[in-house]
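Undergrad: Work the whole structure out from these sequences, hints included.
Taking our numbering, the leading residue of the sequence shown gets 1410, the next gets one more, and so forth.
Source of the hints: derived by calculation from the structure; they are not laboratory data.
Just so you know, not all the hints are guaranteed correct.
[Unchecked claim] Below, a list of computed lysine-lysine pairs in the DSSO-like style, where the Cα atoms sit at most 30 Å apart:
1. 1649 with 1495
2. 1915 with 1841
3. 1899 with 1781
4. 1781 with 1649
5. 1915 with 1892
6. 1649 with 1841
7. 1899 with 1915
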Amino acid sequence: MAKLRGRFRWLGLFLLVIGLWAWGSSVGLSQESLVIFHIHPDSDLQAQFNQAATAQHQGQSVQLRFAPGIYRQTATFQSQPNPTLKHLPPVILRAEKLGTVIFTGADLWDNWQPTPTPGIYQHPWPVQWGFSGNPWASYDIDLPLLMQRGELAWINQTRLQPVLTQAELQPGTFQVDDRSGQIYLAPPADLDWATAMVEISTRRNGLTLNQAENITLQNLIFEKYGGTFTGALSIGRSQKITVDHCQFYQNNWTGLTINESQTIAVTNVISAENGMRGLGGAFITDLTVENVESRGNNWRGHLTGYYDWDAGEKYFYLRRATFTHYRAINNYSAGLWFDSDYQDIVVDNCQFTGNAVTGLFIEAGPGPITIKNSVITQNYSIAPNYLQTPGLFGWAAENVTLENNIIAGNLGAQIGVRDLYVRNIEIPEQQKTVTFVSRNWRLQNNWLMATQAQESLISTLNAEPFLTTIQSDRNHWFSDQEKSFHTQGKALTFPEWQDQTQQDQKSRFFNLDGPG
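TA: Set out below in structure tokens:
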């Protein structure tokens, strides 16, 4: 009997151990322990990142918990590979509550001195960023001089407008003089200078994830980083990265930039009023963008009339990406721009409204790309170049599906397929150059409306492959212009469009006063 009781005791202990192991697995503890770092604004952030990377390398899960405050540091997280682990354990960088932790590229500056010119103050300028130069000159891109500057200034949280010369200074502007090593401010006329809080950007980058793996950032704000061709948060050559409930405000160039990375999720993010781009990147595989808002970006370009490469939200060489509940609103640029060899893209339940140039730009790729259940409205022409297609613009875009969208009230063409010339794009996987033209488009169950005399429903240029391969039906076309289909320079009525393309046989055309 004693032996039997002993066996039951060992069986009970065994079942208890199994139960505890199962519980640990269910809450994410499993085989690795958890290391917690408590970070404060005065912590050595780079040292903490290095320790966290070492713990991850040793198979430990890591949390970096940021205390409320303003962080005026730059740091890089780089994972350390461990060949004995199939996957590195997770590292989480988080604030307890959104809005309490701010990474900023700006510092508070005082000791400003009045100049002989009333209303203008000066301060030594030690940063000496100078002009960046134009790396795109070989592509015939003219980058204005003001775009080549990276300085930013605020007074009482109001951003001042940069100018290039002292002669241009007026209330609400600032200028950097590289020769004298001085920065000059002209505060707004109604400002109480004695109590003013002046912030100047002195850092070009915030946080960088380089060769990082299995990292999550939550509830962090990145703002006011200066410099050109920079990102407040930069992700490069990394994998399994999640950026969740983060915000990017008033950075001089890009809020969030992603390059040469895979399995990236950007969720519940706002990127607003950045000087060039809110979000973007290149050579990304398996990208998820969900519940993201982009607004007011490319303000610096707007000051100079620059709306070209690569203003706004632009992605190159994108593979397997989904954009869901993405909102591009009132940007001084394309709302979203896919360029060069995009493949397997889905845009679902998205909104593109009030953007300069074009709502959605699809350029030089094989696809397939599907735009569905989305709204493209009230975008407008502003750029005096090839980008003048405010609704949806395709150039050398292949295998495009538009399904169940509303495309209306865009100041120009609702859909523009304009192949200025064929595009020859190098495909990295194939190690060869492939020629793309616009073809194999499918339009199904869309509602398209031209609401003003200068608006058209479709406009094409050099697009014979598009016109001979399009599949379009069960759409609803609205216009008060009888000839609202512009193909190869000729305006067509809806019956003429049907006859030329042999499409839209089950679609309907309405004038704005009733069915036609």
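Undergrad: Which of the listed hints are not met by the structure?
TA: 2
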